Amino acid sequence: MRRLRAVRPVEVDERGLELVSFCGHCGVAPAQDAVQQSRVCGHCGLGLVLQAPADVAPRGDEPFLVIDSTLSVCAVSAQAEELLGVDETEAVNQHVADFLLPADANAPCADNLLVLLVEAASGSGAPRTAIVRPRQEFGVRFRARIGPCGPPHAALLVLTS
Amino acid sequence: MFSMRTLKTSEAAALLNVSPNTLRAWERRFGYPKPQRSAGRHRLYTHGEVAALRDALQQGLSISSAVSRAREALSTDTHTLVGALASFELDRADSAMEAALALRSVERSVEEVLLPSLDELGQRHGIDSAPWAFAARWADSWLRRAQRLAPPPVRPLAILVGDATRNEPDPDALAVRAFELFCGRSGARVMALPVAGVAGLSDVVESLSPDAVVIAGSHVPDDDVALWAYRVRTAAGPLPMALFRRAHHHGAMVRTTGTRVLADTPFGAHRQLLAIVDDRRGDRFGEVAPAVTRVGDVEVREAQA
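First to last, the protein sequences are chains A and B. According to this note's numbering, the first sequence is numbered sequentially starting from 397. According to this note's numbering, the second sequence is numbered sequentially starting from 268.
Isolated chain A, as found in the complex (with noise of 0.2 Å):
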């Protein structure tokens, strides 16, 4: 019995994929027993606990933002602030082209990093990557997965090397 309790169930998403939960601002999964109790983070204490599809979900301390269809950032992990020098206080309500560009300005239509980003923050985008930069920096680049991420409905940005 003690094994099968510490049995976790898989959660799904409406398309079969399995979603992960992680804190909003440490990233760090939620211990098994605090899942139902608070969505805020039991570790950190400052972010909300959200899902998203496995392979998109941050892995170790990848820095990540989370966005919504406005394309308004409304979280800033922890590494990101770091990485951005932005602190999430300031960032959020602010439009995503604040902190991040396309770096490739010729990518086709459907590559368009904003695009990607009000696909995802419906719900509806399958997990994608894009090229991004830091707004004003220049010589730097990075790989973004990008996909659905909530409760509620919002984009997944996770900034890899």
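Don't take each hint at face value.
[Stated by the list, open to error] Now the in silico label distances, taken between C-beta atoms and shown as ranges:
id	chain 1	residue 1	chain 2	residue 2	range
1	B	T343	A	I527	38 to 46 Å
2	B	G298	A	S465	48 to 56 Å
3	B	Q325	A	N489	13 to 21 Å
[Said to hold, decoys possible] With the C-beta cut set under 8 Å, the calculated list includes, among others, these residues of chain B facing chain A:
id	residue
4	S329
5	S331
6	I394
Don't read these hints as lab results, they were simulated from the structure. Please read these numbers as outputs of a predicted model, since none were measured by experiment. The beta carbon of each residue, even a glycine, is placed where N, CA and C say it ideally should be.
Could you slot chain B onto chain A? The hints should help.
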């Protein structure tokens, strides 16, 4: 009139389903929810702020965005009051303040809703306009009503306020009324007298025997203020003197006389004045009390040698 439900840290934490430590971490990082302090210096959260945050957290993607939404929900009181005063609806203005008081203390309702609303109307119409005068009269009347409902003085503390504001609507006059209200609510006996009148002043001063004198407002010229202050000093002896909303005086202290310059906000000024009086009572004769200045929401005291 002033019903506001407050929660202890443990109660607020339980309502939000977080630990008290998390709540204090939010206060440091986000400045919200912003507690008041009880007489024993314990945190007291307003139920409205906590409830607004709880609702916002359910729909939020981060604590920051939830705090932003909760703040937005609370700021609707200011919009309502501005709207009511702009359309000359006094009952609706009273209701807006009632709604504000359900979520905040009297002090915060005045500083976060009433005074900002008047500022907004002043910027919109100008302070020499009829709409602003209408709003200012309502605000003055509201503050006086609140003063009448303040608990009777319980502190052995009397404050004499030399009112140097204009008789006509004056933004400083509202701040001075708010300052008197806050001092009264903290248990002090407060008497405001116009600095223009010096006849019979010594009788009033002797009867009140004030512990501190505040010269408030910048309309009356310095010469008249100086005469009034001299008469007060002659009648009551050396007392801590402070300036509130007196133009041309910046910094913590006037060099020549040691007169303290209080913060521009009524709440900050009232806290500083109480600290000055408490320091003076705690000091030995001739010892200089530490100056109290305000940086944002934090009071900073100069270290004593």
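Among all the numbered hints in the text so far, which are the ones the structure does not match? 2, 6
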